Amino acid sequence: MEHIVIIGNGISGVTAARHIRKLSDKKITIISAETDYFFSRTALMYVYMGHMKFEHTQPYENWFWKKNRINLVKGFVEQIKHNTKTLLLSNSEEIQYDKLIIATGSKPNKFGWPGQDLNHVQGLYSKQDLDALEANAPNNKVCKRAVIVGGGLIGIEMAEMLRSRNIPVTFLVRESSFWNGVLPDGESQLINEHILEHHIDLRLETNLVEILADENGKARAVTTDKGDTIDCDIVGLTAGVSPNVNFLKESGIEIGRGVKVNRLLETNIKDIYAIGDCAEQHEAIGNRRPIEAVWYTGRMMGETVAQTICGNPTEYKPGHWFNSAKFLDLEYQTYGWVFSNKGKKEYEQHFHWRHSSEKICVTIAFHKETKKFLGINTFGIRMRHEIFDRWLTENRTIEYVLEYLKDANFDPEFYTQYEKEIVAKFNREFNSNIIPKKKSWKRIFTKTKASV
Amino acid sequence: MMKAIQNIGITIFLVGFGIFAALPFLGNFKLNEKSFDELITSQGIKSELFIENLKSKIVDKDFSGITSLAPIVETAINDANAVHSKNKEWGKKVYAGSDDFATAIRKKSGYGFIPENKGLMWLITFGLGIIGALMFILPQVITLGKKGIKNDHIYHQSSTNKGWIAWLVFIFLVSFYLVLYFKSEYAVNWTYLVDSISQSLSGNLAGHWFVYGFMYCVVMVVMAIRMYIKYRHNMYQMVRTTSVLFFQIVFAFLIPEIMVRLQLSYSKGYDFKNAFPLDYDFFFNWNLKELISSGGLGLFILVWGILLTVVIVPVMVYFFGKRWYCSWVCGCGGLAETLGDPYRQHSSKSLFSWKVERWLIHGVLLFALVMTGFTLYGFFAETGTVLGIKVQSIMNTYSFLIGAIFAGVIGTGFYPIFGNRVWCRFGCPLAAYLGFVQRFKSRFRITTNGGQCISCGNCSTYCEQGIDVRAYAQKGENIVRSSCVGCGVCSAVCPRGVLKLENGPLEGRINPTDVLLGNDVDLMELVNKK
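Sequence lines, in order, name chains A and B. Number 243 in the working numbering belongs to position 238 of the first sequence; there are no gaps in the numbering. Number 19 in the working numbering belongs to position 14 of the second sequence; there are no gaps in the numbering.
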């Protein structure tokens, strides 16, 4: 029986394993050094905040793996010997594979800051990071202030976590506005304001210079390029992540920033594949980045590679881009492409609506000339994935999208709806006369059937 | 500042609560001869033996609150009945229950501070409890910060993480229900507190079920205020909370009391929203007789009760899902959604629990239906014995096991340990019935939003019905489970906007998928069409 070995029990590896099991009877082994069982990395924050216990982050009960004959091995792979198709674990155990999937995910970036390896300096990525945070910052008596370096999704999550225990947080962000490398200015500004509302000491355009140690080798303060020294008991390094591929340096597998793969998610070595955060496409797909460190893309690559491994070679051809996040209390969803002011394409034009008092806004990107709808960002309004996916496939115009926007609304029942206001603003700005149509189940459902 | 108000609030609450909890053991009782005679007359007792015996033991004797009168009554009943049986004096046998009789004695015989200062006593129990609770709850408008999901520290706090506070609440709730159902003589002091309220509504002095009804409403109002603050960003929760509150106060509490006051022909009052088989004694022999002999009103209630169960309930479930009843109207649901909200995370999500759930709840439904079959047959055939089984004993078994132990003691008593929907999930026969309709013929579903799920588990954790919501959401699959009561909290706690409760066309409602939206359309087609 063919033995499929997967290194990494995150969403990519586990999705691959589940789909291989659905498609075949192959022997499957997942190796992880992090935890015994798969858990949802994105939910770690809720454990620290007391919304959940760690066990709640595990999507499958413990019996699931045995029942589905997915063999779990706790261990750290030190070496891949592809000549003999052998893995060497750090406990000297050897595992033979017929096909190998590398799904080792990411690790937090460190940019060579002095003091970056001190005690009480950590990222927030792994279960071990969560445990460390619980130990380093149990409350605001032990941890009188935290400094977080890097204004991305993990940074703001970490700030939210620490604030839940009333720990003062200073948030150093390199950009002039939060996440404005990704978000258009209006939205970035909205989040800036929201961060301040949560009593987080947001310092824009501020870089970490050095982390200072106390006599025990623990971080005690940071200095910034603004000349400030900020006392603290913990430093969170959240300046992005990069592929966790160091252990592959000598393996003969081609490495760029991540494991280089082709569209079939194959590496340069036969029978070795890479998926998820650690995989790097030779050439980016469409507007996507060569490395996509996103939950959803990890899952999609898992779904895809399972097909290839089970005898149906399938290229990784993701559909329309989508993503979501939550910034403190603000839910964010995106469908299609809406670029930041820096990354905006020359043909891309934005329409932005923001609620007069609530933290709710919408940005729609469209083609300047053709008016083709390119993408939408929403804050504080939930939208229907299927509808936007369909509209993108059908190359709808922004006028069409606005006219039928009510079909796409996914907010809970009884919520105030803003389509009228949104459309009215568009009509004013673009001298148009769009009248929003009433929501229609018929449109929402019948066309879904046709397009799937 | 806010913290200080909250701490004072807790203290005040605990004082009021402490006095309330101590009341069963306090007070003095002394029954005079006149009251004794009234009691004997009102109970229709003909046994001189019993009367003399009990009189000698009780009349003009002082009893403290802690002494149970029920054993004395019971001995008197047994002694008298033994003699009457021997002498074949069937007409003289005493059929009164010793607990009810003891309760009636106490109600008539209390004296001293408590019954003489009912208003004051109400103030230092209910009054302090309400004020204290509100002082704790209202500052949350400020302490909870910006509106949004407020689940911080639920698993850090003793009260909501099965710590010692939770166990104390558990012990209190269980004891409270045991007193209500089985030792009501100890609830007599509580009845004094609400006598004047009862009189102003129905014209009668309060019994222990009035205490329960009143307390139920008070607790729901106070905890609904907590819900309003906690979920103030979520209009669905606000509207739903208002709805359960309205139906509890108006339909379950006020209308039945006012019906009694108006001295309508159907004299015990009726909760118009309480549908069979949750209202399991609706088709009991004595109730049918009473309905039929109560003229127009009785017949109206009879027809309404049948219509409610046979037509209104399933039709509404078809359009809106069982939520219209379970989390918008029902009293059990109302308490679960207010008092029970802090405990919703304790429902077990394991596959094993789901199996237990299906056996138990459908078992109870079957039990209720079989029992009703027996009672109806007995009613029409005018017999007390069907298939060699005494109908009364089946009714008694159901009332005891399901009506009292399951729905009351376990259903609510176990809130802090097993979550707030133990009864609704494992026991309620009406929920089982609605569940069938919801699963197989309803427009309701929780829509999963394409491929947006990140498997975080908030939805499953906070599902009070123990549904592993995430198991469906992470597959891009809608949730159409029979047990879903549509509380809407999974949708509220979802950080990525994945879940939406909605009523839509039947087509496409059930949509199992393997590859989720967002991936290669050809792959989706290949895998999902299989």
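It should be emphasised that the hints constitute simulated quantities derived from the structure, not laboratory data. Be a bit skeptical, because a hint or two may be false.
[To be verified] Partial list, computed: chain A residues near chain B (C-beta under 10 Å): (1) Thr-62; (2) Lys-112; (3) Thr-383; (4) Thr-398; (5) Glu-418; (6) Lys-443.
[To be verified] Stretch-level coverage of chain A by chain B, calculated; a stretch enters the list once three of its residues show a Cβ under 8 Å from a Cβ in chain B: (7) 215-229; (8) 247-257; (9) 324-336.
Bear in mind the structure is a predicted one, so any value in this text is a computation, not a measurement. No residue lacks a Cβ here, since even glycine has one placed at the ideal position from N, Cα and C.
Status of each hint after checking the structure:
1. Thr-62: 5 Å, holds
2. Lys-112: Interface hint status for Lys-112(A): violated (20 Å vs cutoff 10 Å).
3. Thr-383: Holds, about 9 Å.
4. Thr-398: Interface hint status for Thr-398(A): holds (8 Å vs cutoff 10 Å).
5. Glu-418: Because about 5 Å separates Glu-418(A) from the closest Cβ in chain B, which is inside the 10 Å limit, the hint holds.
6. Lys-443: At about 15 Å, which exceeds the 10 Å cut-off, the nearest Cβ of chain B leaves the hint on Lys-443(A) violated.
7. 215-229: violated (count 0)
8. 247-257: violated (count 0)
9. 324-336: holds (count 9)
In the structure shown, a violation is registered for the earlier hints numbered 2, 6, 7, 8, in ascending order.
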